[in-house]
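J.: In order, the protein sequence lines correspond to chains R and G.
If you read the first sequence in the working numbering, its first letter stands for residue 1, the second for the next number, and so on.
If you read the second sequence in the working numbering, its first letter stands for residue 1001, the second for the next number, and so on.
Check each hint, because a few of them may be wrong.
Said to hold, decoys possible - Cross-link-like lysine-lysine pairs, in silico, DSS-like; alpha carbons within 30 Å at most: (1) G:1485 to R:51; (2) R:68 to G:1022; (3) G:1022 to R:40.
Said to hold, decoys possible - DEER-style ranges, computed between Cβ atoms: (4) G:1041 to R:74: 50 to 56 Å; (5) G:1487 to R:94: 58 to 64 Å; (6) G:1007 to R:55: 28 to 34 Å; (7) G:1042 to R:11: 29 to 35 Å; (8) R:62 to G:1487: 28 to 34 Å; (9) G:1042 to R:105: 48 to 54 Å; (10) R:94 to G:1042: 39 to 45 Å; (11) R:36 to G:1399: 39 to 45 Å; (12) G:1048 to R:105: 54 to 60 Å.
Hints were generated in silico from the structure; no laboratory data involved.
Idealized CB from N, CA, C, for every residue including glycine.
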Amino acid sequence: MKGTNLGEFEEIVLLTIASLMEEAYSVNIVDEIADVTGRKTKLGVVHAVLKRLEDKGLITSELGEPTKERGGRRKRFFTVSHAGKVALMKAKEQRDRLWGKIPELVFQGI
Amino acid sequence: MKDEIKGPPRWMDRIIEFYCRKDLLEDLQGDLHEYYFRNLERSRGKANLIFFLDVLKFCRLYTIRKPKILGQMTFFNLLGNYFKTSVRSIARNKLFSSINIVGLAISMSVGLLMITYIGETLTFDEFHEKKDRIYRVTSTYSSITGDDPFDLASTSVFIGEKLRNEYSGFEKVLIMRRNFNADISKGENIINVRGHYSSPEFFDVFSFDLKSGDPKTALVEPYSIILTEKAATKLFKDEDPVGQLVTSGEDTYTVTGLMAEVPHNSHMQFEALASMSTLENKYRNDENSTFFTWRSIWMNYVYVLLEEGSTPDQINNYLTEIAVEENAKTDRYTITHEVENLSEIAPGRDLSNQIGPSITWESIYQLLGLTLIVILSACFNYTNLSIARALRRAKEVGIRKVVGASQSQVLTQFVFEAILIAVLSLVIAGGLYLLIKPEFVTSVVDEENVMMEFRWINLVYFIVFAISIGFISGILPSLVLSKLKAISILQDASKLRLFKGVSLRRMLIVFQFAISMALIIGATITYRQYNFSINYDLGFTSENILNLELMGNDSQKLMTELKKLPEVMDVSRSGMIPSTGEIWGDELKYNDPMDSVSFYFNPVDKNYPLIHEMKFLAGGTFPYNKKEEEDPKFIIIDRSLSERFGFSAPGDALGEVLYLQRRIEDDIPLQVVGVIENYQYQNLSSDAEPTALIHGGEDDFQYINMVVSSTDIIGMMTKMEKIWTGIEKLHPFKAEFMNDQIQDSYAHYRVLFRIFTFLAILAIAISTMGLLGMAVFTTETRIKEVSIRKVLGASEKNLVMILSRSFMLMLFISAVIAIPFTYYLFAEHILSEFKKRIDIGPMELLPGVILIFLIGFLTISWQTVKAAKANPADMLRDE
């Protein structure tokens, strides 16, 4: 692992999980990312990232109750762990600090 | 519910189920299904395709199930534990472990012998670089008399030259002839060398190591000779032999080469090679000589080196072609030829007239079969005892299973334990192997030139062998143990029904004892046949007759000297020694020139029938000793020959003239001077043929036969040797008693007897140990029953009966199987080559069986009596 810094896509996935609250499972996450960012991501990519985040301890997962859809197979729901929250905060802080340093002049005219 | 929308094809699901880890599978598969249903809105085909691609795409490092390596890792982790439990279990059951280990070790030592032996036979002729392309021409000779055809390793010079000159497809044709035997001398030094004649292609075909000399030309000129280093050093000491002249009688040979010793694992052995042209020159212009004829197939060997790409079939076709052409010229016999690859020579088919030591597959299979039987017997012991003792290990299995061991792990553990015991046995077997190896070499494989040398590769074979023995003996009990259900063991172990294996175990014991009985009966029969053979009434006396081999010396001179010894009562001379397997044959005619009779003969002097006490039916021995350079004039025929020529009474034959058939010269007339009773000319493996004693001359004699009478054999021999060395410088003194010579001709049966006895002892030891183990086990498990019976009033005798009954029944069944089987085997196969043989009756069949019954009974009663005598109070106190 390269430090505790989040990758860009990792951060998006983490934020999505946080925003989806109780409903964060893989298919939903893909859909939400598509809705919010307009990025068409593949399930495989998200799946791999989820796995990586879980390995890093930033998210935790548990299987939900079986439902009729998906042939009775349970969904795996993700929640952001404490470490995940810390990492998100840290990322936001870094950005805010950088934003604070930029004179307004730079963005004039956009 | 049928109206539910159909999901993706099942087989696609199966793919993902196959590779995906269990913990990831459910939700991943669910996700994919969710997408599938979403895609269904487009079209089923598209949905199927996407689903399929996704299934493939998700096959990634983190999703795939870890292969079984993990399971194997636990095996290595558990190895230490397996080792520990195995050692503990071995140490705890000392009796059973030692039965197993000793039994396996004994049988494995024989197995090690076999491995070394077979391993070495397979190295024969492997050192020739062109071995794949070297083929030997073999012959089959059938005469019109309808006897079995002879298969010969030898062939004719004719066929070699024909192939060499008129056919193509080979690089070289090598012609050899055996029996080059010369006393060569250089100055004062004189040595005897034996070897072969060979044409110049020798070193093109074979890869024997020529140290000096030109391999191309060394065997070209007549009277060229190549010596091996050992022979050359004896003759020349430190001088360089190449280019030297040596003399042999009137001939002078030039030494043209010096060879390294012939490796012992070569199918031909020699100390010297002489050029074939030596003989060719001698016979080329001799019209009477049969040297170059089609039928002269007894002394020569033809090897061909095929061109790359030619096939042996091609040559076989040539050979058939030649045979058809040549066989058409005569109707007295047919000769056919075929080729065999160098690798098929030793070990190979059973051919007569081999050029060197012969090793046949037949004898290898026989030894191998006997060995396997003994090894199996020891494996059965292990299987039996382990299954019987399985109850003791059941708790361990139960605990292991509860803690999470899988069936295959338990299986591995017990197989591992069996292998461990086998490897332990290997160590002991190695020691035994070293002990019995020298005996095996001298008595069994001596004539095959197998040295049983140590080779490193054998160690690998030994270990593989031990592991497979462990596996074979351990697999059955391990299967039984590993199939036990944890819950049933732990609930109430005493209710376990392990005894499904009872009939199997009984069968194994019956089999073991049947083998032991068969072997011991075999030993008895061969021993009796051997005794029968050497004590057979031969029709003449062989008692106190000492035969001295002349080796080309003047018999007159020796006889005069020997007669001076007080121990020598009488002397005669003969060409051969009857009843030892040696035969001299010729053809004889009477009045009808078309009717010739094959007969065996012995050229003898007039004393011969007298000192051998042959029984004359009419007439008497030759009137005088034949002079040199004179054709034989007289013959003494036996009763069957006289009957063959139609003389109604033996006396009628006296004075009649028979003709010894000659092909080119005139037939030789012989006058009958005596008729003797039939006697055993051949050894007992053949039917009696007509025989005769022919008036022999100095040139015909090979032996002096002396009737001796002495209490000091060694002193007498020393005196004789002194006379011998006074006349003969080169050859050693060689005199043997005729009885010994006759016995030696049955040495094969002595060897067979020893092998049978040895294996029988092993098999009996192994099966008795197994029986002991089973008896101990049964009495142990039934001790409560025995005690209660005793309390209730059963007598000790009753108890012993109850405990022993099933064992004795098994022994009885073994006997019922073994006796007819062995009887059939010996009566129909092994003894069938003897025309005169013992009848196999109760005296041959029963002693061995009774002995085994006795041993078995003692083994069982040792245990059962102990159990029956035990005080029931001690046994039942704990209840």
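J.: Are the hints correct? Go through all of them and say.
T.: We went through each hint and held it up to the structure:
no.	hint	in the structure
1	G:1485 to R:51	39 Å, violated
2	R:68 to G:1022	21 Å, holds
3	G:1022 to R:40	29 Å, holds
4	G:1041 to R:74: 50 to 56 Å	24 Å, violated
5	G:1487 to R:94: 58 to 64 Å	60 Å, holds
6	G:1007 to R:55: 28 to 34 Å	31 Å, holds
7	G:1042 to R:11: 29 to 35 Å	32 Å, holds
8	R:62 to G:1487: 28 to 34 Å	32 Å, holds
9	G:1042 to R:105: 48 to 54 Å	50 Å, holds
10	R:94 to G:1042: 39 to 45 Å	43 Å, holds
11	R:36 to G:1399: 39 to 45 Å	57 Å, violated
12	G:1048 to R:105: 54 to 60 Å	57 Å, holds
The structure fails to meet hints 1, 4 and 11 from the earlier list, while all remaining hints are met.
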